[in-house]
Amino acid sequence: MHGVHGRALVVDLASGTAQPFPIPDDVFRRVLGGTGLATWLLLRFAPPRVDPQSPANPFVLATGPFIGTGLTTSSKLAIATTSPQTGFIGDSLTSSYFALVLRRTGFDALVLLGQAPDWSVLLVEDDRVSLRPAHDLLGLDPEETAGRLRAEFGRDLRVAAIGRAGERLVRFAAVVNDGRLAGRTGPGAVLGTKRLKAIAIRGTGRFPPVADPAAVARAARRLAERSLGPETAKYRELGTVANLVFFSRLGVLPTRNFAAGSFPAAETLAGERLATAHRADRQACAACTVGCEHHFRTTDDGPATTVRLEYESLFALGSLCGIDDPNVVLRAAALCDRYGMDAISAGGTVAWAMECVERGIALPGDPAEWPRFGDGRSLLRTLEAIGERRSPLGDLLAEGSRRAADIVGQGSHAWAMHVKGLELPGYHPRKLRAMALGFAVTPRGACHNRTSAYEIDFSERAGDEVDRIALATARSEDRSAVLDALPLCKFLRHCFDDFFAEAAELLRLVTGLAESAEELRTAGERIVTLKKLFNLRQGWTRADDTLPERLLGPDGIDPAELEALVAAYYRIRGWTPDGLVPITRLHELGIDPLLVPTTSGC
Amino acid sequence: MARDTSMLSVEFYGLPALLAGRRRVEATAPTLRALVQVLAERFPALLGTVIDPSEGWLNRGYVFVVDGRFTRDPETELRPGTEVLLVAAQAGGVR
Ligand code: SF4
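Chains as they are written, first to last, in our numbering: chain U, 204 to 805; chain P, 670 to 764.
These are computed hints drawn from the structure, not numbers from a lab. A virtual CB, placed ideally from N, CA and C, is assigned to each residue, including glycine. It is possible that some hints are incorrect.
Which stretches of chain U does chain P cover? Using the computed rule of at least three CB atoms under 8 Å from a CB of chain P, they are [said to hold, decoys possible]: (1) 655-664; (2) 725-738.
Far from chain U, some chain P residues (derived; all Cβ distances over 10 Å) [said to hold, decoys possible]: (3) 694; (4) 710; (5) 718; (6) 721.
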């Protein structure tokens with residue numbers, strides 16, 4: 204098979220040694236690469252019911268066949284591990300040069316096992332690994348860490364690092380490379396557990412040859428042209444921050460910890476306003492022609508700060524916490540980047556604490572330090588406390604909203620806005636039935652982009668009956684899984700007329716695999732099912748596929764309707780009414796050959 | 670016989686708002702297709718990015734919300750007092 208190396212490098216961090224691990228072509232055919240490959244490797248190497256914070260929890264970094272081919276937006280690094288937030292699969296993606304360089308080491312993936320004896324940097328140079336002591340890097344933010352290591356080892360080195368939040372095992376800590384955060388589900392806390400401050404990588408080999416180089420080059424040119432069409436203009440000109448005012452207008456903008464769906468001060472945080480009053484510059488990920496990454500600068504009297512801002516960080520650090528000052532939101536986003544922590548979970552956890560204070564429920568520490576809705580200073584102070592795990596309050600909130608509510612009690616679970624322990628992103632499911640279903644069932648917890656189900660709610664299909672909503676959600680989830688596996692950026696998805704057919708053709712040109720559109724769609728379903736199998740092994744039960752209490756009822760979705768949507772989704776997936784995956788379904792999807800027992804216990 | 674036209678409240682969100690330079694406008698049009706023509710004349714900046722001049726209709730990636738219902742049907746009828754929102758089709762994050 205073309206387009207892959209057919210092997211992973213498995214690193215034992217305790218000894219600082221590594222072994223190649225063969226990956227059969229058949230595995231690539233079934234799971235493609237990227238998140239699919241990362242999920243398969245996680246299943247292979249994780250012992251059952253692995254504790255996310257134990258050295259036995261594998262940390263997988265995987266690439267896909269499209270990386271290095273010249274196909275635009277394909278330079279995505281997939282990470283999979285067991286999430287310290289959910290205990291289930293934690294998969295994240297970042298776009299960066301790290302993925303390109305990893306491909307040039309001669310391996311498709313890295314699997315990190317065990318724990319380094321002391322704080323270290325894992326240095327990977329082609330097939331050689333070593334551990335560099337990292338005490339001099341502790342306390343540095345991810346960008347500083349990368350800068351130091353590149354100054355020491357050379358500019359061709361690429362670095363994925365954690366910040367202080369990862370060092371202090373904040374459960375929603377991120378892994379950062381090239382300024383991009385893989386933050387959702389807290390992979391940075393897993394690297395912290397492994398005592399890895401950073402992974403530094405140098406690949407000097409070639410990309411694996413593609414099946415039809417001339418045709419791939421032509422297809423890459425065509426895709427690049429389409430990527431600059433009107434379908435992506437919104438990302439190029441404004442970015443995702445444009446969502447905020449529109450969502451408020453529709454009543455789906457999470458506000459004050461999801462107590463409301465509209466923010467009276469939405470216009471002050473409007474993306475259109477940020478674009479005129481705060482715009483700094485626009486950048487692109489590695490190997491991307493679109494360039495959707497918008498940076499904004501502060502305009503107040505404080506120290507000048509420029510930071511990348513997306514809708515998700517804007518809502519989580521803005522309306523969710525009742526903050527209407529864009530300068531505060533920009534400073535809060537910069538703090539999350541500097542500490543290396545997921546802005547959605549950070550904002551969601553602080554909003555939970557703000558509601559505790561509003562309801563008169565005591566938090567640990569000095570009441571003068573507690574965060575309050577609308578109080579920008581208290582938001583910034585609390586984010587610092589979390590990132591440092593400083594003070595009893597910071598220590599509590601570093602656990603995320605679910606565990607913090609466990610500790611504080613007093614009914615505070617009712618406003619801990621998470622699914623499976625992962626805080627909700629910026630879509631109030633009050634009017635979004637497909638999104639509500641997606642939040643409930645997606646294996647990684649409350650996630651908007653593993654299903655992209657909001658597209659169904661924001662379309663003519665919004666009023667469809669339950670079965671059709673569930674079917675559209677499942678198919679959208681399959682498409683997202685394929686995009687994350689090839690990989691291609693989800694912002695490119697509207698540039699295709701018939702995504703599965705056109706992606707299957709690209710896959711044929713790169714790998715030589717002649718998959719039909721339906722076979723490619725099935726590969727997506729297979730990946731989703733593999734993630735589900737991982738969760739089942741971790742102890743998933745039917746009760747995990749639900750929404751926070753606050754959203755079950757008039758302020759969200761009728762519980763009976765959510766039950767009906769989940770039941771329809773299970774039926775469409777071929778699962779039992781309890782959400783289990785029958786053996787027959789594993790056969791039908793061709794998953795059973797992927798589940799060969801290993802010494803590591805799959 | 671020509672149909673009656675109607676006064677409409679049209680709101681722009683995201684890139685359409687940035688290009689039109691405003692959030693709200695009043696217009697008269699019996700259908701969404703007719704409204705697109707009105708908007709194209711009043712806000713030429715929308716042409717190309719939001720409106721396909723050769724089709725006289727929205728580019729892929731843009732959608733109307735008419736009284737709370739998402740639609741790209743150009744024959745959607747518009748009545749007095751109808752609220753029309755014009756927005757880029759929504760997309761969230763990528764990670
Ligand atoms: S479209 Fe945006 S997120 Fe996607 S690869 Fe390009 S710059 Fe990165």
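If I take the minimum Cβ distance from residue 710 of chain P to any residue of chain U, is it greater than 10 Å? holds, 19 Å
Separation of residue 694 of chain P from chain U, once the least beta-carbon distance is taken, above 10 Å: holds, 15 Å
With a Cβ-Cβ cutoff of 8 Å, does the stretch 655-664 of chain U contain at least three residues near chain P? The restraint on the stretch 655-664 of chain U holds, since 6 of its residues have a Cβ under 8 Å from chain P and three suffice.
Given that the stretch 725-738 of chain U was listed as covered by chain P, double-check it with a C-beta distance under 8 Å for 3 or more residues. violated (count 0)
When you look at the beta carbon of residue 718 of chain P, is every beta carbon of chain U farther off than 10 Å? violated, 5 Å
Is the Cβ of residue 721 of chain P farther than 10 Å from every Cβ of chain U? Since the minimum Cβ distance to chain U is about 8 Å, residue 721 of chain P lies within 10 Å and the statement is violated.
Checked against the numbered hints given earlier, this structure breaks hints 2, 5 and 6; the rest are met.
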